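Trainee: Residue numbers (UniProt numbering), protein chains in the order written: chain A, 1 to 427; chain B, 1 to 348; chain C, 1 to 452.
Check each hint, because a few of them may be wrong.
[As the list claims (entries may be wrong)] To spell it out: a stretch of chain B is covered by chain C in this simulated footprint if at least three of its residues, at any positions, have a beta carbon under 8 Å from a beta carbon of chain C; those stretches are:
1) 91–97
2) 262–268
3) 271–277
[Said to hold, decoys possible] Label-pair restraints from in silico Cβ distances:
4) Glu-97/C <-> Gln-232/B: 41 to 47 Å
5) Ala-17/C <-> Asp-128/A: 53 to 59 Å
6) Glu-145/C <-> Leu-252/A: 48 to 54 Å
If you're looking for bench data, these hints aren't it; they were derived computationally from the structure.
In this text the structure is predicted, and so the values were computed from the model without any measurement.
Virtual Cβ for every residue (Gly too), placed ideally from N, Cα, C.
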Amino acid sequence: MNYFTNNHVEERRVAEEKEDEEDEEGNENDMEAWERAYAEDRSWESLQEDESGLLRPIDNDGVQHAQYRRRLRNLSAASAASRIQKGLIRYLYIVIDLSRAASERDFKPSRMAVVAKHVEAFIREFFDQNPLSHIGLVTIKDGVAQCLTDLGGSPDSHIKALMGQLSCSGDSSLQNALDLVEGYLCGIPSYGHREVLLLYSALTTCDPGDVMETIKKCKRSKIRCSVIGLSAEVFVCKHLCQETGGSYTIALNEFHFKDLLLEHAPPPPAIAEFAVGNLIKMGFPQRAAEGVVSICSCHKEAKVGGGYICPRCKARVCELPTECRICGLTLVSSPHLARSYHHLFPITPFEELSLALLNSSRHKLQKTCFGCQQSLVPSGNRPGLRVACPKCKQHFCLDCDIYIHESLHNCPGCESLRHSKTVNNIE
Amino acid sequence: MSVLKKSKKNNKRIIVWKLLSYCFFKYLREHLSVISGPVTVMDSAPSKQYSDDVSLVMVLLDTNPFFWGGENTTTKVSFSNFLNHVISFLNSVLLLNQLNQVVVIATGYNSCDYIFDSSTSESLNVSSGNGKMPALCSKMLQKLEEFVIRDEQLSKENSPSGIVSSLLSGSLSLALCYIQKVSRSGRLHPNPRILCLQGSPDGPEQYVAVMNAIFSAQRSMVPIDSCIVGVQHSAFLQQASYITGGVYLKPPQLDGLFQYLSTVFATDLHSRSFLQLPKPVGVDFRASCFCHKSTIDMGYICSVCLSIFCKQHKKCSTCGSVFGQANPEVKLPTDRKRKTIDLNAAYN
Amino acid sequence: MPQVKIIAKNFMDMVAALPALKLDKLYDNTFICEAVLRSLPPLAKKYVLQLLYIDEPVTAKSMEDWVLTDGVSKHRVAIDRLIQLRVFLEITDRKKETSYRLNPKFQGNLQHYIAHGGVLPRESMSSSITVRLPTAEELDSYALEQWESFLLQLISSSQPEKTTSFSSSMMKIFQQGLLSLRDKEAPKLTESGFQFLLMDTNAQLWYIIREYIINSEVRGVDSADLISFLLELSFHVTGQAYNASTLNEIQRSAINDLAELGLIKLQQGRKDNWFIPTKLATNLSVSLSDSSSRKQGFVVVETNFRLYAYSTSKLHCEILRLFARVEYQLPNLIVGAITKESLYTAFENGITSEQIISFLQQNAHPRVCDRAAPSVPENVTDQIRLWESDLNRVEVTPANFYDEFPSKDVFEGACDYARDNGGLLWEDSKRMRLVVKAEIHTLMRDYLHRQK
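Full structure from sequences and hints, please.
Mentor: Take a look at the structure:
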């Protein structure tokens, strides 16, 4: 039952890293074991008694493991992509299998509920990371694919539509779903990336014709198809993914499923043949002062309060992004675009400093984390592990390392030095 | 720095305030009675915090020598005067609640560093040895002085030309790291917020880094307040305060700075939902182009990586994709029925 | 006899209740001003800060402009509080317009604070004299131990493990209202005593301190002096040693008592004595404000009536024992069950079901609170209430019994009269007997006399 053929390498690396991991008991997981009990089964097994008879949770591998894996992914992504090309304008259809198989209860409470819960989180994360992208939802039920929502950019409307449609019956049909989606995705602009993400519960597909033909058609239309399976590997899905350049993964449990799903949120590397690059002219309107009265060009009436002013024709519009009614310029807010810039300028992974080095030259080392001022001096149960930015040579604690790479996307050290190249060590 | 030494005499300033605060007060009253409508306040609901009004204030102090030592000294306060106001503000924050915490980060020209943290024991235990100097003041000024000297040494003698911005992105990043540490430290922690006291103009080369910091602050629900002591408005900070739900203010009269700081920026997050606070006077949403680092309000965007350029190019310098035939005004949605693209409406 | 007040901030009410002269005298002390300011609601603090450098009175109307419509009620609470504590002085001018200004003494003290920063009330002693100071952890556990042993002694005076220096009369005063002290009978916890145990540490502390202060007048100590000393104490740095010789007579007598409560630790050196404030002392001014520093809950109640308390405190165990059967105890976990028998003993002691339920709810573990479901399962709360009402199945009503009516008419008239007055409990028309509530007995008698 090895579902990890594609992740094999990564798995092995994780296993290797895990040994190092065991030293660093993160402080952030000081939640009592029983507190987590409501989320996971068999929580009593993760309790142990210490020498004084107190109950303590066993070091929780799972959480750290996941964090570390994400870090590893960052590492490999950064090293692999020497030239950063990402498909940032994405048109993604999420196809949810709501056939009979989705009512299976091997995921609690049911596969369908688990899928719905995590798709909601995924949609929000997706729009956070891909500002100008679009999502559409398709469901498969009774052998028929049905479009739930058109391609659109508002997360709430998708989630609302999905939550209203949760019931499952009948068979699943891969071909019907692909045909439907292919029809929709044909019409999008050439610079957009076409993607399909199937969340497949069934082990079979019940198709009206030859599914292989459809797969070829998808390949011709440059649609990248990925599948996350909830039961076991299916040949036709694997074939689909291989042909169209997508990824095929199987979820072992709910957490694994969540991880696999969220792996699809960051933009995929751009493939030149899939989408043609283009320059699009856009305007960045300013927001008018609160309390100013002006005539709005979209509603044709006087409005009070902050609107946006088109930089070319100075017309007022109510919302961004939109297209100026007067001059036709595409108007976006620059923060929208800026949300994705950390993909373009990823910060280099920090280097872990070995304990041997620390011991040999302790007197010269920084005493505190450059970011948060937390002490890095080893004391008691804290081994005082640290990482260093290869550019500015500042040292950071592990918590800051994760925060910097996963949320902030700035190296505080490099940002705090104007001439970071000429200065090797601030001390 | 001689400016710093002058500030040690905190005489006379009370008289100045008394005169000015009344003027300010009148101004504020008139100002506030005009505006109406709801304020954008972030919901700070998490129950794992202390009572509502316990705050952690991260103060980012602009110490750019090119700003404070600049020629246009007639329109603004001197650095020593400015420091007097700020120190009084810090005192008043600490006065309001025993659990309040203040951290000061200096935003220099060449570097950024922590210069004061009210939670560390050393800052508390300082006995006011010489009697004249308040403990907070002396400790902070000493570290500030060291910082400014170090900052000065870092800049090679070649005086920069053009815009001399301070490293806002660096100090914002530091402040966010610190806030992360505080929020993961335990169940009870004060409500964090950031206050930027900025004088120097924006540095367009920091655009991406500042934006990254702003989004990270937004995700962790940390409002960024900004108080502009310089001559021009700051587009970065306007966006920062707008996106994170903080307050942006450019006081018209800098002599009464303390009154502004205490009236507007000392307000804890909880009380902000009940009080009239200054509304934004418009937000500058212009971006910086990647090719010349200049601020533009119209430009070209690479469809592959969303880089912004001020002119048409054949090839994207960021991602290297070669552009097909220049098609300057592609409508984003092909579907003509939809006139507005409801992209991310929820994130606005 | 003073009643137990559940609300901790009553201490500030006590300050507010002081006569204006005394209150103004208190404001001479910077630390009092500081403590009072910190005890105010957030909005009120803002107002004080806003008006700090304004010497002219500000009209009430213009202050109302500061708040949004949502905040009007909060605004009113804030202003009321400020006036109550004489931080704001109300001035009514000729046009009957109200305006406020800050109490000049208060204003002056705070202005000084803002300009010069916080100063410590007294210098700490240098470490060369005080050889070994306790670490923060030691001090915390010391404070907790002192306080809990005091509490244990308070609630179960019969079995003192460790006697305190409080005179038995002092102890009696504390116990007043908490324990029912009857001669020859073991003291029992009263309802208010149980409520007292339910309060969090700061609230309990304030209750005791409050009693202590009220009692001070009897001992010939001015309560204002004591209040100012206590508030001042809260501005000392935890864990630092302060020379006891800097204290005056009143204060020196007070610190012994305070040491018993765990507020300070006394140490003796070769020449000097010194005292070290603990967290309890420095939290005094914090606990003045209503919602801050609420204690973490620790109890999980399951639907099968089992109860898990994650606590190392002996006191918690004692409290749980009041109404639950403690089954076993690990160093940091108490496991018990709520049984009918255990609850019956609680009810016999005068504890009500509502008190037990509110205790369980208030001390519910945060993880339990986070869930949408009620923090104590509904079947448990219902059952606790049912068991209580089981006990009260027989309702006793004082009543009078009437019989031997001369005629059916008189009997029926009496019945109707009693019914009209809402006092008829039982009637037997065959044998012409009826039972009427005692409170209308006189009315009945008058009526029956009239009938004759």
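Trainee: All hints, please: hold or fail.
Mentor: Here's how the hints hold up against the structure:
no., hint, in the structure
1, 91–97, "holds (count 6)"
2, 262–268, "holds (count 5)"
3, 271–277, "holds (count 5)"
4, Glu-97/C <-> Gln-232/B: 41 to 47 Å, "holds (42 Å)"
5, Ala-17/C <-> Asp-128/A: 53 to 59 Å, "holds (55 Å)"
6, Glu-145/C <-> Leu-252/A: 48 to 54 Å, "holds (50 Å)"
The structure is consistent with each of the numbered hints, conforming to all of them.
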